[in-house]
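*Asks:* As a plain string of letters, each chain reads:
Protein chains: 2
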Amino acid sequence: MQKSDLLNCHKRIAPYIHRTPVLTSRILNILSGADIYFKCENFQKIGAFKMRGAANAILQLSEEEKEKGVVTHSSGNFAQALALAAQNLGIKAYIVMPSNAASVKKEAVKGYGGEIIECEPTPAARELAAKNIEENKGAIFIHPFDNSDVILGQGTACIELLEEHPDLDAVFAPIGGGGLISGTALAAHFFSEKCKTFGGEPYEVDDAYRSLQSGKIERNLTINTIADGLRTHLGELNFPIIRQHVDSIIRVTEDEIIEAMKLIWERMKIIVEPSSAVAFAALLKEKEKFRNKKVGIILSGGNVDLTDLPF
Amino acid sequence: MQKSDLLNCHKRIAPYIHRTPVLTSRILNILSGADIYFKCENFQKIGAFKMRGAANAILQLSEEEKEKGVVTHSSGNFAQALALAAQNLGIKAYIVMPSNAASVKKEAVKGYGGEIIECEPTPAARELAAKNIEENKGAIFIHPFDNSDVILGQGTACIELLEEHPDLDAVFAPIGGGGLISGTALAAHFFSEKCKTFGGEPYEVDDAYRSLQSGKIERNLTINTIADGLRTHLGELNFPIIRQHVDSIIRVTEDEIIEAMKLIWERMKIIVEPSSAVAFAALLKEKEKFRNKKVGIILSGGNVDLTDLPF
Chain A
1 MQKSDLLNCH
11 KRIAPYIHRT
21 PVLTSRILNI
31 LSGADIYFKC
41 ENFQKIGAFK
51 MRGAANAILQ
61 LSEEEKEKGV
71 VTHSSGNFAQ
81 ALALAAQNLG
91 IKAYIVMPSN
101 AASVKKEAVK
111 GYGGEIIECE
121 PTPAARELAA
131 KNIEENKGAI
141 FIHPFDNSDV
151 ILGQGTACIE
161 LLEEHPDLDA
171 VFAPIGGGGL
181 ISGTALAAHF
191 FSEKCKTFGG
201 EPYEVDDAYR
211 SLQSGKIERN
221 LTINTIADGL
231 RTHLGELNFP
241 IIRQHVDSII
251 RVTEDEIIEA
261 MKLIWERMKI
271 IVEPSSAVAF
281 AALLKEKEKF
291 RNKKVGIILS
301 GGNVDLTDLP
311 F
Chain B
1 MQKSDLLNCH
11 KRIAPYIHRT
21 PVLTSRILNI
31 LSGADIYFKC
41 ENFQKIGAFK
51 MRGAANAILQ
61 LSEEEKEKGV
71 VTHSSGNFAQ
81 ALALAAQNLG
91 IKAYIVMPSN
101 AASVKKEAVK
111 GYGGEIIECE
121 PTPAARELAA
131 KNIEENKGAI
141 FIHPFDNSDV
151 ILGQGTACIE
161 LLEEHPDLDA
171 VFAPIGGGGL
181 ISGTALAAHF
191 FSEKCKTFGG
201 EPYEVDDAYR
211 SLQSGKIERN
221 LTINTIADGL
231 RTHLGELNFP
241 IIRQHVDSII
251 RVTEDEIIEA
261 MKLIWERMKI
271 IVEPSSAVAF
281 AALLKEKEKF
291 RNKKVGIILS
301 GGNVDLTDLP
311 F
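Read top to bottom, the protein sequences are chains A and B.
Per our numbering, residue 1 is the first one in the first sequence, and the count goes up by one each step.
Per our numbering, residue 1 is the first one in the second sequence, and the count goes up by one each step.
Treat the hints as calculated values from the structure; they're not laboratory data.
Be careful, since some hints might not be right.
Said to hold, decoys possible - The calculated DSS-like cross-link candidates involving lysine-lysine, where the alpha carbons are at most 30 Å apart (straight line), are:
| hint | chain 1 | residue 1 | chain 2 | residue 2 |
| --- | --- | --- | --- | --- |
| 1 | A | K106 | B | K287 |
| 2 | A | K137 | A | K92 |
| 3 | B | K66 | B | K110 |
| 4 | A | K262 | B | K106 |
| 5 | A | K196 | A | K131 |
| 6 | A | K287 | B | K106 |
| 7 | A | K216 | A | K196 |
| 8 | A | K92 | A | K106 |
| 9 | A | K106 | B | K262 |
| 10 | A | K287 | B | K285 |
| 11 | A | K110 | B | K131 |
| 12 | A | K285 | B | K66 |
| 13 | A | K105 | A | K92 |
| 14 | A | K105 | B | K105 |
| 15 | B | K105 | B | K216 |
| 16 | A | K262 | B | K68 |
| 17 | A | K105 | B | K194 |
| 18 | A | K106 | B | K106 |
| 19 | B | K106 | B | K92 |
| 20 | B | K110 | A | K287 |
| 21 | B | K110 | B | K131 |
| 22 | B | K137 | A | K110 |
| 23 | A | K285 | B | K110 |
| 24 | B | K110 | A | K262 |
| 25 | A | K262 | B | K287 |
| 26 | B | K287 | A | K105 |
| 27 | A | K285 | B | K287 |
| 28 | A | K106 | A | K196 |
| 29 | A | K110 | B | K3 |
To be verified - For each label pair, taking beta carbons as the anchor points, the in silico distance ranges come out as:
| hint | chain 1 | residue 1 | chain 2 | residue 2 | range |
| --- | --- | --- | --- | --- | --- |
| 30 | A | E164 | B | N136 | 50 to 60 Å |
| 31 | A | K289 | B | G90 | 45 to 55 Å |
| 32 | B | K285 | A | K262 | 24 to 34 Å |
| 33 | A | K289 | B | E288 | 34 to 44 Å |
| 34 | B | E164 | A | K194 | 31 to 41 Å |
| 35 | A | D305 | B | E288 | 30 to 40 Å |
| 36 | A | K285 | B | K131 | 22 to 32 Å |
| 37 | A | T122 | B | E286 | 46 to 56 Å |
None of these values were measured; they are calculated from a predicted model.
Every residue, glycine too, gets a C-beta built ideally from N, C-alpha and C.
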């Protein structure tokens, strides 16, 4: 992937996304010792950065492909993102969701015109269900993160951040499947001379950290983290980009995630989901290393169940 | 009070406050039928609009007065606001707080260098305690809302809103003691040809509504509302301004406040306190009247106890 791919992607999706604000907090700067620029993808359409990648993937389809529609499997933000991105272009979207997905999430997908196909809550069942739609309906499968167009789309948040703050020393993003971090790392590589990319990952789902250690894709043994957006496995396309362009991955405990989330809510008065707090928690964990540095943090999203908060 | 008083006030306090952003929400526009511009004082210093009035009052003091310090009684946002505004100018601030005030609020006041004087949690006790400080220390008493300089300061949020959106048809603010609504109404009167001011008030503390009905200041019989910032009585200086410049007051139930608060949190991903939600709830209550109108809403603050949420 080249710099021009990222630039073209950003231009392509601009009419379909918000250019989200970059916020700062005097108190969180004092607490961390760094000069932090929070890129607020919690204010993005559907409440998360996923809208960027979904829009780019759909806009890349040929006219014939668009007529057939798209399909994905997701119980989270990508389900809503693909449904809305498809609706914007008058394209049919089939969303495979586990039968135990929260009804609020199903309603949101329906609200964006997506057709939900329920399946058993196992990876095998959802892959099979998506495969069936591909074969029976001819719909194009769009993976939530293991897809080059999706990766490029997710990288555009960091492009915007660097446009406004070209002298960042570092940028942090959370790591789940690796869509956001790989896009971010590519953007930092192509749009900055000095900005290094750091990943934040919960100890409980540290497959990316272990994959960098061993040199091959490792699997999570549990998904026992509050950061529900990060419970997925690292993607095949994402791993080599992370190996090449991510400086290091910093792991954080569940308590550190909750504490970082509470700090952002209380001090910045904005709602971020636990996955977003993982990136900030990672900075706090190694704050000595970033003292007096200019640091960007991608706040990935703000979709939380207000009736089930950890504090 | 003249237009020039408001203009001079805004200029005077500008270095000491944030120019807060104005946010919009497609979903909340659809839900309400109006075109809403949210003025986000939840992002103001100390997390509420109170910083504006406190800064203006302190900046108006003579040099001799500044040397003697200031005193107020407040268990809420004005306590923090006066402490920080005083600290900014190297002035001593005595803050009378009830003995049962939340410790997080006391800590915040101390964090801004305020000296706390505890008193029994009754209006009589706090007035006596403040009076003692006035007499013994010579400190200047600054009332949280029943003070012209405070009223002018609170009006500057609406000035900024009208600078960015000069064609507003209406502006909403919550009513507690009346500082914010009277400042807002003055700003709308002087800075717009057509913008009318509406107040939102909980049924449980509807003293301002009843005062407008009877033509004299009425008292609240209970303070049984979740909107903790609105539990005070209407001020003497505030009432005539409200009578003259506020179009009407719309009352809302506790359930309507909580529902409006949840909508703002979930849809806008920002944290607002219940008092802010009162203004939005009032618009929703009479939304037919504001269909297709351009409406400003002053989101008064974002200081909430995250461990004690109503949803």
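*Asks:* Indicate, hint by hint, whether the structure satisfies it.
*Replies:* Consistency of the hints with the structure:
no.: 1; hint: A:K106 x B:K287; verdict: 29 Å, holds
no.: 2; hint: A:K137 x A:K92; verdict: 10 Å, holds
no.: 3; hint: B:K66 x B:K110; verdict: 19 Å, holds
no.: 4; hint: A:K262 x B:K106; verdict: 19 Å, holds
no.: 5; hint: A:K196 x A:K131; verdict: 38 Å, violated
no.: 6; hint: A:K287 x B:K106; verdict: 29 Å, holds
no.: 7; hint: A:K216 x A:K196; verdict: 22 Å, holds
no.: 8; hint: A:K92 x A:K106; verdict: 16 Å, holds
no.: 9; hint: A:K106 x B:K262; verdict: 19 Å, holds
no.: 10; hint: A:K287 x B:K285; verdict: 48 Å, violated
no.: 11; hint: A:K110 x B:K131; verdict: 61 Å, violated
no.: 12; hint: A:K285 x B:K66; verdict: 43 Å, violated
no.: 13; hint: A:K105 x A:K92; verdict: 18 Å, holds
no.: 14; hint: A:K105 x B:K105; verdict: 36 Å, violated
no.: 15; hint: B:K105 x B:K216; verdict: 34 Å, violated
no.: 16; hint: A:K262 x B:K68; verdict: 38 Å, violated
no.: 17; hint: A:K105 x B:K194; verdict: 42 Å, violated
no.: 18; hint: A:K106 x B:K106; verdict: 44 Å, violated
no.: 19; hint: B:K106 x B:K92; verdict: 16 Å, holds
no.: 20; hint: B:K110 x A:K287; verdict: 26 Å, holds
no.: 21; hint: B:K110 x B:K131; verdict: 21 Å, holds
no.: 22; hint: B:K137 x A:K110; verdict: 65 Å, violated
no.: 23; hint: A:K285 x B:K110; verdict: 27 Å, holds
no.: 24; hint: B:K110 x A:K262; verdict: 21 Å, holds
no.: 25; hint: A:K262 x B:K287; verdict: 34 Å, violated
no.: 26; hint: B:K287 x A:K105; verdict: 28 Å, holds
no.: 27; hint: A:K285 x B:K287; verdict: 48 Å, violated
no.: 28; hint: A:K106 x A:K196; verdict: 38 Å, violated
no.: 29; hint: A:K110 x B:K3; verdict: 51 Å, violated
no.: 30; hint: A:E164 x B:N136: 50 to 60 Å; verdict: 52 Å, holds
no.: 31; hint: A:K289 x B:G90: 45 to 55 Å; verdict: 36 Å, violated
no.: 32; hint: B:K285 x A:K262: 24 to 34 Å; verdict: 33 Å, holds
no.: 33; hint: A:K289 x B:E288: 34 to 44 Å; verdict: 57 Å, violated
no.: 34; hint: B:E164 x A:K194: 31 to 41 Å; verdict: 36 Å, holds
no.: 35; hint: A:D305 x B:E288: 30 to 40 Å; verdict: 32 Å, holds
no.: 36; hint: A:K285 x B:K131: 22 to 32 Å; verdict: 50 Å, violated
no.: 37; hint: A:T122 x B:E286: 46 to 56 Å; verdict: 50 Å, holds
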